[in-house]
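If you want the building blocks of each chain, they are given just below.
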Amino acid sequence: METDVKEPLDELLSPYPGKKGDLIPILQEVQEKFGYLPREAMQKIAKFLSLPESTVYGVSTFYAQFKFVPTGKRIIKVCRGTACHVRGAGRILGEIERKLGIKPGETTDDLEYTLETIACFGSCALAPVIVIDKDVYGRMTTTKVGQILADIEKQS
Amino acid sequence: MTFDEIKTKAISEWETLEHSNQPRILIGAATCGRASGAMAVLDAINSELTKHNIEATIIQVGCIGLCYAEPLVDIVKPNRPRICYSNVTPEIIPQLIEDYIINDNPRPDLAMGTIGNGSIKDIPKLFELPMLKPQVRIVLRNCGMIDPENINHYIARDGYSGLVKALGMKPEEVIEEIKKSGLRGRGGAGFPTGLKWEFCRKSPGEVKYIICNADEGDPGAFMNRSLLEGDPHSVLEGMLIGAYAIGATEGYIYIRAEYPLAIERLKVALHQIEEYGLLGDNILGSNFSFHIKIKQGAGAFVCGEETALMASIEGKRGMPRSRPPFPAQAGLWGKPTNINNVGTWGHVSAILQHSADWYASYGSEKCKGTKVFALAGKIERTGLIEVPMGISLQEIIYGIGGGIPDGKIFKAVQTGGPSGGCLPASLLNLPVDYESLTGAGSIMGSGGMVVMDENTCMVDVAHYFLSFTQAESCGKCVLCRLGTKQMLDILENICNGNGKAEDIELLTELSQSVKNGSLCALGGTAPNPVLTTLRYFRDEYEAHINEKRCPALNCTELISYYILPDKCQGCGICLKNCSSEAISGGKRMVHIIDQSKCIRCGVCSDVCPTRFSAVTKVSGEEIAVPSKPVPVTAPKGNKEASNESSANLS
Numbered sequence: 001m002e003t004d005v006k007e008p009l010d011e012l013l014s015p016y017p018g019k020k021g022d023l024i025p026i027l028q029e030v031q032e033k034f035g036y037l038p039r040e041a042m043q044k045i046a047k048f049l050s051l052p053e054s055t056v057y058g059v060s061t062f063y064a065q066f067k068f069v070p071t072g073k074r075i076i077k078v079c080r081g082t083a084c085h086v087r088g089a090g091r092i093l094g095e096i097e098r099k100l101g102i103k104p105g106e107t108t109d110d111l112e113y114t115l116e117t118i119a120c121f122g123s124c125a126l127a128p129v130i131v132i133d134k135d136v137y138g139r140m141t142t143t144k145v146g147q148i149l150a151d152i153e154k155q156s
Numbered sequence: 157m158t159f160d161e162i163k164t165k166a167i168s169e170w171e172t173l174e175h176s177n178q179p180r181i182l183i184g185a186a187t188c189g190r191a192s193g194a195m196a197v198l199d200a201i202n203s204e205l206t207k208h209n210i211e212a213t214i215i216q217v218g219c220i221g222l223c224y225a226e227p228l229v230d231i232v233k234p235n236r237p238r239i240c241y242s243n244v245t246p247e248i249i250p251q252l253i254e255d256y257i258i259n260d261n262p263r264p265d266l267a268m269g270t271i272g273n274g275s276i277k278d279i280p281k282l283f284e285l286p287m288l289k290p291q292v293r294i295v296l297r298n299c300g301m302i303d304p305e306n307i308n309h310y311i312a313r314d315g316y317s318g319l320v321k322a323l324g325m326k327p328e329e330v331i332e333e334i335k336k337s338g339l340r341g342r343g344g345a346g347f348p349t350g351l352k353w354e355f356c357r358k359s360p361g362e363v364k365y366i367i368c369n370a371d372e373g374d375p376g377a378f379m380n381r382s383l384l385e386g387d388p389h390s391v392l393e394g395m396l397i398g399a400y401a402i403g404a405t406e407g408y409i410y411i412r413a414e415y416p417l418a419i420e421r422l423k424v425a426l427h428q429i430e431e432y433g434l435l436g437d438n439i440l441g442s443n444f445s446f447h448i449k450i451k452q453g454a455g456a457f458v459c460g461e462e463t464a465l466m467a468s469i470e471g472k473r474g475m476p477r478s479r480p481p482f483p484a485q486a487g488l489w490g491k492p493t494n495i496n497n498v499g500t501w502g503h504v505s506a507i508l509q510h511s512a513d514w515y516a517s518y519g520s521e522k523c524k525g526t527k528v529f530a531l532a533g534k535i536e537r538t539g540l541i542e543v544p545m546g547i548s549l550q551e552i553i554y555g556i557g558g559g560i561p562d563g564k565i566f567k568a569v570q571t572g573g574p575s576g577g578c579l580p581a582s583l584l585n586l587p588v589d590y591e592s593l594t595g596a597g598s599i600m601g602s603g604g605m606v607v608m609d610e611n612t613c614m615v616d617v618a619h620y621f622l623s624f625t626q627a628e629s630c631g632k633c634v635l636c637r638l639g640t641k642q643m644l645d646i647l648e649n650i651c652n653g654n655g656k657a658e659d660i661e662l663l664t665e666l667s668q669s670v671k672n673g674s675l676c677a678l679g680g681t682a683p684n685p686v687l688t689t690l691r692y693f694r695d696e697y698e699a700h701i702n703e704k705r706c707p708a709l710n711c712t713e714l715i716s717y718y719i720l721p722d723k724c725q726g727c728g729i730c731l732k733n734c735s736s737e738a739i740s741g742g743k744r745m746v747h748i749i750d751q752s753k754c755i756r757c758g759v760c761s762d763v764c765p766t767r768f769s770a771v772t773k774v775s776g777e778e779i780a781v782p783s784k785p786v787p788v789t790a791p792k793g794n795k796e797a798s799n800e801s802s803a804n805l806s
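Protein chains in written order, with this note's numbering: chain P, 1 to 156; chain B, 157 to 806.
Each hint should be verified, as a subset may be incorrect.
Chain P side only, calculated, beta carbon under 8 Å to chain B, not exhaustive [claimed, not checked]: (1) D22; (2) G81; (3) R98.
Capping the alpha-carbon separation at 25 Å, the derived lysine-lysine pairs in DSS-like fashion look like this [stated by the list, open to error]: (4) P/K73 / P/K103; (5) B/K656 / B/K671; (6) B/K753 / B/K773; (7) P/K103 / B/K671; (8) B/K656 / P/K144; (9) B/K632 / P/K67.
Bear in mind the hints are in silico, worked out from the structure with no lab data behind them. All C-beta atoms, glycine included, are put in the ideal place defined by N, C-alpha and C.
Turn these sequences into a full structure, and let the hints guide you.
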């Protein structure tokens, strides 16, 4: 599956002067636009910044933020911060894995959900925390996870 | 406009607000408040005010630090102290507005405390509460007090007067003032800030940079986020003062992309100071010009390390390099650069607004001033606190934090994130300062403080931190890249019950090698959680290795769940919720867990009604249960229980 990237990419790149230092902000904007970094976009960015493609790949694979395959409609992030960990984040993650049948970093076959873990969301007082798209759910329990997922199913 | 004119205008706006005849409602709407439901509360307030046709000023403020009590709503009525209400829900809002705003009943039952002059019967003073009384709020002076998106609020409370004072001094005098204050870097290492500035100032070069490190990556730490969300100008003022002292013309704020609200607030604040002539060319008519750019991190813990951070700003892989040359000599794009943490910049603005002597009057002999901590984990009152240096761990955990919830026993406190260590109960009297924490095998770090209780397995905690640093190792140094992997494998074996007697010695040896063989602090400190848990909780390692037992009942491979025949009521909730079909039973039959199928997820224990509490967890022992379901013999549970069961079953 290849996304049509040419036009939106030209528009996105136009305000940039083509300085090498802008590589990361450009990658961030491209990902914001497409949800991941399409292959063609990477080639084009390399040309635009006069960098070898290997450098563009090298930089983008270094940072955890960047994804190279399309993600699901909803992204579920489970916080693995210390406070969340000692308050049972591992069991919350396990429950979501079982309910969705995917592991962190994976997307369900129907492209509905992507499961991710994040190092720390910084809402430690509410641990354990999960974030679905932009909504934060605090003080999670295995029981609550089931309810939240069931509610989402109902909505869609 | 001169600064005096700006300030006069700001004060008049602030006073108009303070003396307004309208009620004022302040809602804590930082990320933590929002996560607790502050925005739904805000909607409820708006619609209720409209319904009653009440004119009121609503202000979204930052985090006052009482995270455990969020969402917080404060109501100020004319000539009354401000009342802070905790754990506010949208449902309670109509009642609260009717009772207090309309009928003048302050509802002491819902109130947490009052702020400001005057008192209200049956409501304590907020800053006299045990959570707040021992605190000294220097960096957090404005958090929760002002509208972080309104620069006039900041200016009315002495904001940017520190910058004005600095501009009237010689740069060297400003550095001297910071040196005199005794301020040390709040990012963790504790290097004297004034000295760091002096190196950069004296470094030859026309172009110099300063950087604000807001790449708060330690799991369990959210001090920087709260400060940037609650009072961004205090950080920007610090940067401006630093830039003037060092002679820098350009500054960067390197901030994690995971903090969208903080980034938004910074953008608003930067725009405001540009408009006021506090940023840009010839600031306030002086010869000093300075510009600030925001760079968003892309999710790499190692970028908190200064040389890696600079590589990342340059658009490269964020990998540390060897020093010298130090950033003060050759930093960003090869130019002299000074990096300080968000918190440090926040202290700088306070020092210049007051004085070095004032600042140095707080804290201990060697460590001046205050430190902000994010208090989290197994603790009654979680939150963001600011305490004078030298306060004991005991005072923080039991005084401010209110001790351990659910009557559990304190086991350890973890400071310094993945670079720090776990300190046991015997060290609770330890004063919190750089040297004492380092001496105990931990570090001050950026300010994460995670409390652990008897249910936390210390081997698992060591494994947790190492899996974090292992995954975040940039891969440059062999010992960090591969040594941590070996250590992680050993810890995994121990947690899984496959540990060997010689593992402890091997872990200690590897720890030393990883420390010695790593270029930056990530590898240099990665073994700390392992070393401190080995030092203070060796018995837990030995129980895992020798007895195949996890004393905290935490490590999945070493625990078993059993349904106690004398307690089970045969309600069937556990059976219905077991995802691995490991439970057999029937109506009014004692349920049985098939240990060969059980994945030890613990869901059965979570769903078993508390009045039965029939599911138990053990490690290193077996419990005799019938081999298949038998009729329930326990006294019959009440009706409610069976209703609850059927509700859950549907």
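Would the stated hint for P/D22 survive a check requiring a Cβ distance to chain B of less than 8 Å?
holds (7 Å)
Is the interface hint for P/R98 satisfied, with its Cβ closer than 8 Å to some Cβ of chain B?
Cβ of P/R98 sits 5 Å from chain B, so the hint holds.
Check whether the Cα positions of B/K753 and B/K773 lie no farther apart than 25 Å.
The hint holds at about 16 Å.
For the pair we were handed, P/K103 and B/K671, check the Cα-Cα distance against 25 Å.
At roughly 33 Å apart (the allowed maximum being 25 Å), B/K671 and P/K103 break the hint.
Under the criterion that the straight-line Cα-Cα distance not exceed 25 Å, is the pair B/K656, P/K144 satisfied?
violated (39 Å)
Are the Cα positions of B/K656 and B/K671 separated by 25 Å at most?
holds (23 Å)
Compare the distance between the alpha carbons of P/K73 and P/K103 with 25 Å, and conclude whether the hinted pair is satisfied.
With a Cα-Cα distance of about 16 Å, the restraint between P/K73 and P/K103 holds, given a limit of 25 Å.
Given the hint that B/K632 pairs with P/K67, test it: the Cα-Cα distance must not exceed 25 Å.
holds (23 Å)
Minimum beta-carbon distance criterion (8 Å), P/G81 to chain B
It holds, given that the least Cβ distance between P/G81 and chain B is near 4 Å, below 8 Å.
Violated hints, in rising order: 7, 8; the structure is consistent with all others.
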